[in-house]
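Produce the complete structure using the sequences and hints provided.
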Amino acid sequence: MARELIKGNTAVAEAALRAGLEAYFGYPITPQTELLEHLSARMPELNRAFVQAESELGAINMVYGAACTGKRVMSSSSSPGVSLMMEGISYIAGTELPAVIVDVVRGGPGLGNIAPAQGDYNQIVHGGGHGDYHLLVLAPASVQEAVDLTVLAFDLAEKYRIVVCVLMDGSLGQMMEPAELPPFMPLKTDIPDWAVAGIPGRKKNILTSINLDPPAQEVTNLRLMTRWQEIEANEVRFKEYFMDDAEYAVVGFGTAGRVALSAVREAREQGIKIGLLRPITVAPFPVKKIEELTSKVKAFLVVEMNSGMMLEDVRLAVSNRKPIEFFGRMGGVVPYPDEVLDAIHRLVEGQLTLEGHPRDRWLSFMREKIG
Amino acid sequence: MVDTDVKLVYTRPAGFEVTPTHYCPGCTHGVAHRLVAEVLEEMGELGNTIGVAPVGCSVFAYNYFNFDFVEAAHGRAPAMATGIKRVYPDRIVFTYQGDGDLASIGMGEIVAAAARGELLTVIFINNANYGMTGGQMAPTTLPGQKTTSSPTGRDVERQGFPIRTAELLSTLEGASYVVRRSLHDSRNIRNAKKAIRTAFEVQKQGLGFSMVELLSTCPTNWGMTPANARTWLRDSMIPYFPLGDYKVSPVVGELKI
Chain P
1 MARELIKGNT AVAEAALRAG LEAYFGYPIT PQTELLEHLS ARMPELNRAF
51 VQAESELGAI NMVYGAACTG KRVMSSSSSP GVSLMMEGIS YIAGTELPAV
101 IVDVVRGGPG LGNIAPAQGD YNQIVHGGGH GDYHLLVLAP ASVQEAVDLT
151 VLAFDLAEKY RIVVCVLMDG SLGQMMEPAE LPPFMPLKTD IPDWAVAGIP
201 GRKKNILTSI NLDPPAQEVT NLRLMTRWQE IEANEVRFKE YFMDDAEYAV
251 VGFGTAGRVA LSAVREAREQ GIKIGLLRPI TVAPFPVKKI EELTSKVKAF
301 LVVEMNSGMM LEDVRLAVSN RKPIEFFGRM GGVVPYPDEV LDAIHRLVEG
351 QLTLEGHPRD RWLSFMREKI G
Chain R
1 MVDTDVKLVY TRPAGFEVTP THYCPGCTHG VAHRLVAEVL EEMGELGNTI
51 GVAPVGCSVF AYNYFNFDFV EAAHGRAPAM ATGIKRVYPD RIVFTYQGDG
101 DLASIGMGEI VAAAARGELL TVIFINNANY GMTGGQMAPT TLPGQKTTSS
151 PTGRDVERQG FPIRTAELLS TLEGASYVVR RSLHDSRNIR NAKKAIRTAF
201 EVQKQGLGFS MVELLSTCPT NWGMTPANAR TWLRDSMIPY FPLGDYKVSP
251 VVGELKI
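As given, the protein sequences belong to chains P and R, one line each in that order.
Taking the numbering used here, the leading residue of the first sequence gets 1, the next gets one more, and so forth.
Taking the numbering used here, the leading residue of the second sequence gets 1, the next gets one more, and so forth.
It is worth saying that the hints were derived from the structure and are not from the lab.
Where hints are given, some of them may not hold.
[As the list claims (entries may be wrong)] Not the full set, but computed from the structure, chain R residues with beta-carbon under 8 Å of chain P:
(1) M43
(2) N48
(3) T49
(4) V59
(5) D68
(6) E71
(7) A72
(8) A73
(9) E109
(10) G206
(11) G223
[Claimed, not checked] Residues of chain P placed beyond 12 Å of chain R at every Cβ, according to the derived structure:
(12) A2
(13) E87
(14) Y91
(15) E158
(16) G201
(17) P214
(18) R223
(19) Q270
(20) V334
Beta carbons are placed, not taken as given, at the ideal position from N, Cα and C, and that holds for glycine.
Right under this line is the structure:
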């Protein structure tokens with residue numbers, strides 16, 4: 001199939017549809033709305049379920065209901081809307097249902113703004129909802145990758161009966177790039193044995209996240225955590241650039257990783273032996289890969305569009321064995337490659353240290369820079 | 001000798017599991033459950049039905065019915081039911097919700113589902129308090145009624161007025177059948193069953209959103225005997241929540257059951 005120039009939000013919507021999406025529920029919020037708009041036209045054309053819900057609360061609970069049928073279901077939103085969905089996401093996780101959530105992250109906290117950001121990392125990767133559960137989180141850095149990961153998201157959700165989040169940002173949602181859409185996949189015809197279906201003569205299924213008996217609930221939690229370990233063992237994805245002979249490693253995901261790649265290329269042209277590790281699954285996080293790099297490189301630079309949320313995961317993996325510096329922009333500001341390049345120069349030319357916290361050094365820098 | 005004149009006149013509905021319920025003595029949840037099971041059996045829809053349980057006293061309703069059931073987050077049953085019904089338009093999907101669940105935390109979801117004309121049936125239990133958490137003030141608690149969170153009686157100056165849910169939803173175009181019935185005596189129970197049958201028929205025939213509000217007793221939290229609770233329902237609740245048909249769209253009026 002030929003590549004076409006397509007907007008990120010629209011591409012993800014069309015990719016989901018072609019991957020066999022049978023029910024979509026959403027609520028308008030910038031910078032995600034084109035996703036909902038595209039499906040509002042396409043789903044009814046194909047006689048599939050589409051509801052513009054009354055709120056993100058409504059949308060996620062419609063997803064919860066539809067996910068109980070075992071069909072491919074999805075919602076999409078942006079940061080404040082995803083915050084509202086957290087209750088429902090916890091329920092879906094607790095009921096062990098497959099579902100896909102697309103988060104086109106914008107600047108926050110609060111109402112914030114509609115510009116690209118990565119400030120949802122903590123709420124998506126480290127919880128947000130209550131209880132012991134994990135989301136499997138895929139972080140694309142281009143429209144093509146968003147398309148590919150959306151298709152993968154449905155497969156992984158079904159394989160592990162887990163909620164998979166495609167963690168984008170406003171720039172990926174809004175930008176147009178050439179991308180090849182997947183072929184149309186047939187709709188699922190099999191009904192999982194755990195799903196509710198209302199079929200006479202079939203054994204009754206109850207889907208619930210309640211368990212008033214704490215030891216029995218603990219068994220469920222243990223099953224969820226064991227499945228997560230399996231995901232950690234099998235589903236870590238990342239991409240490396242210029243890492244073969246690298247003496248320094250930049251770590252960045254999504255758009256920040258992409259901007260960092262431009263800076264790394266420039267630094268390479270300047271003769272700096274630096275590479276980029278771009279986690280594609282930010283959950284499960286490529287811990288082993290970072291541990292491996294820890295013995296290879298002199299120091300790390302973490303680049304994010306937040307105040308250093310993934311930074312903590314990198315620090316945990318590095319365990320203070322090598323110096324780490326951080327550069328981020330917050331609140332919807334996207335860093336320029338030049339700013340990242342400057343940060344690379346500060347890393348390579350400056351005094352490396354294992355003392356203190358990289359965020360503190362970055363905050364001092366930022367206070368001088370933007371007051 | 002077998003007495004061939006013995007006739008079975010009362011039995012467990014086919015839609016029930018053989019299990020005791022956790023409901024308090026004198027609580028009318030059991031009656032409401034039974035009416036739903038009887039109606040679905042009479043309609044031949046037992047195997048074709050998916051129920052949505054709420055958060056509240058009826059949180060474990062799925063243990064008592066013997067068909068597919070899901071358990072919603074507090075107040076979100078109409079949204080969850082919408083998700084199921086849109087995937088399976090030919091199944092019967094209903095929610096069973098209490099007054100705190102439906103008329104307080106879930107008011108947004110129920111209004112939106114009714115406004116969309118979602119093809120759902122809602123069984124709404126109004127017993128004027130939060131039963132599961134031990135009898136706190138609900139959106140249906142009567143003026144002056146004492147609860148554990150309105151210990152001197154509901155003061156409408158500070159706590160506002162009870163919500164008449166059936167009347168409120170009846171203003172929505174998508175709602176085709178919205179009525180209030182009571183479970184305090186056998187005549188009213190029979191009327192309630194007829195309404196539940198009509199509500200499910202409305203869904204089955206694709207005529208729109210349907211809801212039956214059922215005035216119910218909560219002897220434990222009201223601090224009354226079951227008999228006194230029934231009397232209190234009749235004398236105190238019905239004057240504020242009059243029984244009646246609040247919305248019967250013309251096409252529903254022509255239904256022959």
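So, going through the hints one by one against the coordinates:
1. M43: M43/R check fails; min Cβ-Cβ to chain P is 13 Å, beyond 8 Å.
2. N48: 5 Å, holds
3. T49: OK, holds: T49/R within 8 Å of chain P, min 6 Å.
4. V59: 6 Å, holds
5. D68: Since the shortest Cβ distance to chain P is 4 Å, the answer is holds.
6. E71: Since chain P brings a Cβ to about 3 Å from E71/R, closer than 8 Å, the hint holds.
7. A72: 7 Å, holds
8. A73: Given a least distance of 5 Å, the restraint on A73/R holds.
9. E109: 6 Å, holds
10. G206: Cβ of G206/R sits 16 Å from chain P, so the hint is violated.
11. G223: 25 Å, violated
12. A2: Non-interface label stands for A2/P: nearest chain R Cβ at 33 Å, farther than 12 Å.
13. E87: 6 Å, violated
14. Y91: 5 Å, violated
15. E158: Holds: least Cβ distance 15 Å, greater than 12 Å.
16. G201: Check fails; 6 Å does not lie beyond 12 Å.
17. P214: The claim stands: P214/P keeps its Cβ more than 12 Å from every Cβ of chain R (closest is about 17 Å).
18. R223: 18 Å, holds
19. Q270: 54 Å, holds
20. V334: For V334/P, whose nearest Cβ neighbour in chain R is about 35 Å away, the distance exceeds 12 Å, so it holds.
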